[in-house]
Structures are given as C-alpha cells and as structure tokens.
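Each residue of the sequence shown is one higher than the one before, counting from 1 in the numbering used here.
Quick caveat, the hints were computed from the structure, so don't treat them as lab data.
Please note: incorrect hints may appear among the correct ones.
The calculated label-pair distances, taken between Cβ atoms and stated as ranges, are [claimed, not checked]: (1) Thr144 x Thr51: 19 to 27 Å; (2) Val121 x Lys70: 14 to 22 Å; (3) His97 x Asp133: 34 to 42 Å.
For every residue, glycine included, the Cβ atom is placed at its ideal position computed from N, Cα and C.
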Amino acid sequence: MQKVEKLYPESGVELKPFIAKHYDRIMNILSFGLYRRFIHKAIADIQIKPTDKILDLGCGTGRNDALMLKYLDENGRITGLDLSPIMQKQFERRFSHEKRVQFIQQRIDIPFDLGEKFDIVFISFVLHGFPQDVRNTIIENAAT
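Kindly produce the complete structure, drawing on both the sequences and the hints.
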C-alpha cells in the first residue's frame, strides 16, 4: 500500500486507512452513541428545505449526507467534498443509485470555486483538526 504524505501531520483530520474505512463504526463506539444523536439533532436544527442545495465540507463517508437527503425532494441536491480516496469509495458506494448526491475530491483548506451557490454549508467534526489560519480559509470558503 502506498504511503500518503499528510498535509497536516499534527492533525487528527487526515485519518489512517483502517480508521477511514471503519470511521462510522468507530465514531459510534467511541462516543457511546452520542455522536449519532448529536448529528441527528444538528441536522434537524438547520431546517433543511426540500429544494435546498447543500455543500458538505469534509463529508467523509456520507453518513451525514444520508440523513440530510431525507429532507430533500427531487429538486434538492447535496455536494460532498473530501480529500480521502477511502472516504470517497464509501461515499460513492452509499449513494451509488442516488442522483441527487455527488462527491468531489477536493481540498477544503485552500480557496476553491465550484461555480455554483449553495443554500446550506455543513461541516461536522472537521474544523477542529486544522490550524487557526486554515480554519479561517475554510470558513471563507463556506461563505462564498
């Protein structure tokens, strides 16, 4: 297996392949189920409208996107961004038959333009792993 150079070696955001592959299960176990309840509440609180276009920064496996998708009708859409090919594989497997969801392998820590506007930008358990100046860039990306 090819070793991938970490962009932020001190960060917990870039996961080792084993952890990335089993991320959802590990989060459930380590949080004693609290992570699941927290995410459900956070998603309910953002009041998604059926036609919203949602951008998920650091979408990982798409677990949160699957929850948000339940609020959308046929015109709503979710775009998930993540850097990890392992997360991308899980995301694409989860949404293999879903046209309203797409994955883009994209760094969120540098300025980017996807050429469209979103109604909601969602980020969960990602921001804390970046240095402060990089967090500011991520927040600026979310605002544009």
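Hints, verified against the model:
Thr144 and Thr51 have their C-beta atoms about 21 Å apart, which keeps the hinted 19 to 27 Å range intact. One distance hint, 14 to 22 Å for the beta-carbon pair Val121 and Lys70, holds here, with the actual separation near 19 Å. For His97 and Asp133, the Cβ-Cβ distance of about 40 Å falls inside the hinted range of 34 to 42 Å, so the restraint holds.
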